[in-house]
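Keeping the supplied structure of chain D fixed, place chains L, V, E, A and F upon it in accordance with the hints.
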Amino acid sequence: MDITGRISAVKRDYLISLAKEGKRADGRDFDEYREIKIDREVLRNAEGSAMVKIGNTTVMAGIKLEVGEPYPDSPEEGAMTTSVELPPLASPEFEPGPPKPDAIEIARVIDRGIRESEYIQLDKLAIEPGEKVWIVFIDIHVLDYDGNLFDAGSLAASAALQNAVIPNERYELGENLPLPINLPPVSCTFVKFGDAIVVDPNLEEEQVAEARFTVATDANGDIRAMQKGLSGSFIIDEIKNNIKRGQIHAKKIRKLLEG
Amino acid sequence: MDITGRISAVKRDYLISLAKEGKRADGRDFDEYREIKIDREVLRNAEGSAMVKIGNTTVMAGIKLEVGEPYPDSPEEGAMTTSVELPPLASPEFEPGPPKPDAIEIARVIDRGIRESEYIQLDKLAIEPGEKVWIVFIDIHVLDYDGNLFDAGSLAASAALQNAVIPNERYELGENLPLPINLPPVSCTFVKFGDAIVVDPNLEEEQVAEARFTVATDANGDIRAMQKGLSGSFIIDEIKNNIKRGQIHAKKIRKLLEG
Amino acid sequence: MDITGRISAVKRDYLISLAKEGKRADGRDFDEYREIKIDREVLRNAEGSAMVKIGNTTVMAGIKLEVGEPYPDSPEEGAMTTSVELPPLASPEFEPGPPKPDAIEIARVIDRGIRESEYIQLDKLAIEPGEKVWIVFIDIHVLDYDGNLFDAGSLAASAALQNAVIPNERYELGENLPLPINLPPVSCTFVKFGDAIVVDPNLEEEQVAEARFTVATDANGDIRAMQKGLSGSFIIDEIKNNIKRGQIHAKKIRKLLEG
Amino acid sequence: MSELIKDGLRIDGRKPDELRPIKIEAGVLYRADGSCYLEWGGNKVLAAVYGPREAIPRHIQDPTKALVNARYNMASFSVKERKRPGPDRRSTEISKVTSEALENVIFTELFPRTTIDVNIEVLDAEAGTRCAGITAAAVALADAGIPMRDIPVACAAGKVDGVVVLDLSAEEDQQGDADLPIAISPRSEEILLLQMDGHLTYKEFEEALELALKGAKYVSKLQKEALMKKYKG
Amino acid sequence: MSELIKDGLRIDGRKPDELRPIKIEAGVLYRADGSCYLEWGGNKVLAAVYGPREAIPRHIQDPTKALVNARYNMASFSVKERKRPGPDRRSTEISKVTSEALENVIFTELFPRTTIDVNIEVLDAEAGTRCAGITAAAVALADAGIPMRDIPVACAAGKVDGVVVLDLSAEEDQQGDADLPIAISPRSEEILLLQMDGHLTYKEFEEALELALKGAKYVSKLQKEALMKKYKG
Amino acid sequence: MSELIKDGLRIDGRKPDELRPIKIEAGVLYRADGSCYLEWGGNKVLAAVYGPREAIPRHIQDPTKALVNARYNMASFSVKERKRPGPDRRSTEISKVTSEALENVIFTELFPRTTIDVNIEVLDAEAGTRCAGITAAAVALADAGIPMRDIPVACAAGKVDGVVVLDLSAEEDQQGDADLPIAISPRSEEILLLQMDGHLTYKEFEEALELALKGAKYVSKLQKEALMKKYKG
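Chains as they are written, first to last, in my numbering: chain D, 1 to 259; chain L, 1001 to 1259; chain V, 2001 to 2259; chain E, 3001 to 3233; chain A, 4001 to 4233; chain F, 5001 to 5233.
Bear in mind the hints are in silico, worked out from the structure with no lab data behind them. Check the hints yourself; a few may be wrong.
Computed footprint of chain E on chain L, listed as stretches where at least three residues anywhere in the stretch have a Cβ under 8 Å from a Cβ of chain E [as the list claims (entries may be wrong)]:
id, segment
1, 1103-1112
2, 1223-1237
3, 1242-1256
All of these numbers come straight from a predicted model, not from anything done at the bench. Positions of the beta carbon are idealized from the N, C-alpha and C atoms, including for glycine.
Isolated chain D, as found in the complex:
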């Protein structure tokens, strides 16, 4: 069972037939995002935070830093870990309990985008090299689920990291400092149903989706992470097209993030 819930065959047929006319149920173009809003520094206890809305989907990201041991294979670097919580608050389909495969997949794809674009300067997060480093916890808390958690979660994480501080004071290590970061990745997600491929799927569209594709690109438009999901397939040209469309969307979203 996935997180989207059931949908009636009638609705599925309706969405697919609309798509055949090049339309989406909410009036958007295939290649159009819903409105995106980013609120920053919304929390007091988090080292960094942001609330992102994409349409009716709302996601909160909170950054916490703790002192810990480095990984044996990178003793002079800090570490990062990304988790996604799907609390029952955000959807009638979400259940309490440890993260299910859906949440784990989203977290790992977002994590790869951040990690591979070297967004966090982990090499500047050693305290005593080999002994003590900063661990960056990126916790993404979904508050209202109307589709496209990959992009909303990625965006919230990126925005929260932008205002995160190293809490030196709490650990009596001197003054708080901004978390050292590079330029963020931007994630762009498509789903395919019938013959249509649409960007930024809402819940309804995810419910009828046969295949999903996410691409995270860096400031140069280069690819840093990709993930194809669901049991449907893409042909090669569709994949290529998704990437190119994703590069264009990412540029616009990047402005919101940097603006």
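This is chains L, V, E, A and F only, laid out in the frame that chain D set:
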């Protein structure tokens, strides 16, 4: 589902109609405890132990001490932790597995009574301040469940702590010494059903109870912990009256504990 | 529910009636093992490994060594731990999840055979006595289950330990060295159904078995571990006879292991 | 230990009987049947209600009434030291007493075999989260149209530096002498939840209870204003 | 390593074939259908039986017989180093072999679709807890009126300092050479449980088995006396 | 960082477009309905298929089709540092995308209310285990006689030292620039699985995809040979 099990509507009506006449099914007054028995030093491996019977309810408390790290916010103090086990041995309704909400609530209320009355002198339990302190484990094991685990558990914990030792010998830290304690808290529990409020509920009475109230008082009769439970309500005067009755009961029970 | 799965009453009657004629369904004598094959050093990442087949039962054992802390009661010795995995790959009855009682029993009986025969020279596995020692992980992974996991698992563990190395290089502690061992235990398992007691039960025979008996003997034929299982019983002479038969089988199997 | 009361005022400048600033907004979530966002001092809390809906699995159904299932959860980033996700003993207890307090006012007998799920997420915590959560949950229940006898409300009083005060701040909670959170049905003044830890004489308790009741009734007005704002404007 | 046998006597003064003191009391619990409290040397064990009662969930029911479900548990305070609550690998194995041994004697076919739950709590442990637990469980089953072919009983023998001895103490268990716990049906001398770890020649095994059987038969008498005491006076 | 490409050759002597040695054997297990053993470089992987069989518990059944339930598991001894048994986040994700990729080709609508369980055990790991696992699972499905549109196959390409290469080794995976595992339906060239992490320009991606497709098609031949070998001789 709670731990008390089901009860027939007939029985409920019977208990409530009895209560209207000022009677309880077992012949007690509303304000009367069942017989209380305390057996001390009943175990060899525990650092302190006691078995308490309140009527047919039997509870064993065992105290263990271990060397551990202090909490960061109290580096020069020992620590304490209270747990309640409801093993399937003690009732047909108890199931194996990690503690359920009922057991957690009982443990936390007993813990607060002990902690807030400063019964254990935690400030005398540092071994190397900031590094190594004694951790006091108060483990309450229910053996036979016929109601009122709050009071039976609290009493067993208090009695077991009275005969607990610091196991210095086992850790090669010198001679065993008595655990440093102050005066114990005493817990008193009421339940309400229909218009009646009775002290020391037995199982039957817990099964029909609408609301529950526990108050733990210190040697001065001052309040150290309170807990209202269940979905029924109390009016303000009932709460006040419960506290005053609780203070009186606690004085008597305190004599058993100190005697 | 045990791991063998259900069997029809017809099949049970058939196996028992065959046994009355002194026969087994696969044509073996009561006192005859299936063919045993041992493949060694089959894995690259394990410190030692072996794949053992007894008839259609296939078991893989992998040995891993890690640096860890010694047990408080044996500060100058290494430690060992044995686990058995019954992955759903190996049988339609196996389910994913933490080890069930069946797997735990097998692992603990195999562990006792190895431990009590002092097969691994744990006293030579201290790195810094009292501080750092080698922990030997014996992981037994069942790949194809057609009965007698006690003997197949024990044999695989013994064979894997024979080619295990101490991975000093990975921990920058010098050169890899062979794991210091003594002579292995050999395990021999019987089941009883109807009036028959047969050695090396296959799955079918385990499904009808009323009682099970395992004996692990050392190179002198002395007993190092025994386990009676299942709800049936043995009379004393049966136990004695099982041990004597087990001693004889062990001698032959020991040759395969040392050969 | 720092002085928590100076010249009759508290460390954050409040008078003993003064609440922290409170902001309540009803109907803030798209998916939930009812919801509420609440800020109370440094607390930021979101509550969502789903139901009544069929209780699953069936064997938990009560043929005579709805189950009220509140789940109090602190986000991992809501506290100074990151909290491991998932329920701990503290949140399990709070979930239990919250469920019981809310069940009191709901006409559960109207919805047999169902469950009413109340989800409380603490996004930012600064003492008094259980009162904030119950208060938000009550608004979310009303927003979901769940029939209730009354809209419950919660508030705490306590004692710091020997003085009985209303609505402890984080510092007061850590260094103070006692905390007394209550939840009430404001119309009848019935006590739905009452917990206390610390040290109070009986007289101090009476004083604290009085103060907490006063605070709760004030917060009750804010709840109603938030609901009015949603429905009338 | 200390000397465990001196002048033919064991460290606690016992002869090689001597049991530790044993005390058995039947019917000690109010809620359980049958119960037993047993002291055996430094062991203090309580056993309670519930059932036969309907097995839940239904899919575990056996339409031909009752399930016997023994659960051996050590209280966290029953050992020197506090034990974390909950089952570990050792107690899981003991629960399994105990269930199997007890099932042997129960007329399970009389109670299809039910479960007979046998709960064994070790309150204080000093070597030999599994034998103490089985012995107590058997009395609790009888006290519960569960129909049995025989009342099973358990006892261990072992080897210390090269000498075969009955009923190991804690020190003997830790420093000794072998431990051989058995459970039998005393009437038929059938072996219901047998485990062994250590080092025994075949001859020593025969000797140890003989001793364990002797011990078990003596304990069997104590079981019956305890049941008589409960029912006759 | 070591040099991964020297004189146009990779550290293990391979050319950029060269696969590691691969060995596939179908039908190797006795109990499974279908199975496959596969070696791919230093990877040793076993796959077993059970089903279609009734999905249990019933409420997970889909009345319109079979559920495809792949479980990717690494044996504790399959990696340098011993892995704790049981699923971690990485294997949970791989199990999910593997299930989805395999479901694509199976005629699941023929087997409503059932589950097809695909168990993948990694016994020895050296980069590329997910591709090895999917490739083995596909052979096991065919061996089990599960009706499929096509036999899927997986292969990875990547980038090391700025060069696009086929089928990364362990060292290349750790120190390289990018990894792009894909699974395809070889007949239609549809993409069933595609993941990527690292750094690729769009042009490099096109090149890598081309290479991965070429590799997958070669491995597809080996799959078919293995199945032929089993059935024809």
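Quick rundown of the hints versus the structure:
no.	hint	in the structure
1	1103-1112	holds (count 5)
2	1223-1237	holds (count 14)
3	1242-1256	holds (count 3)
When held up to the earlier numbered hints, the structure conflicts with none and fits them all.
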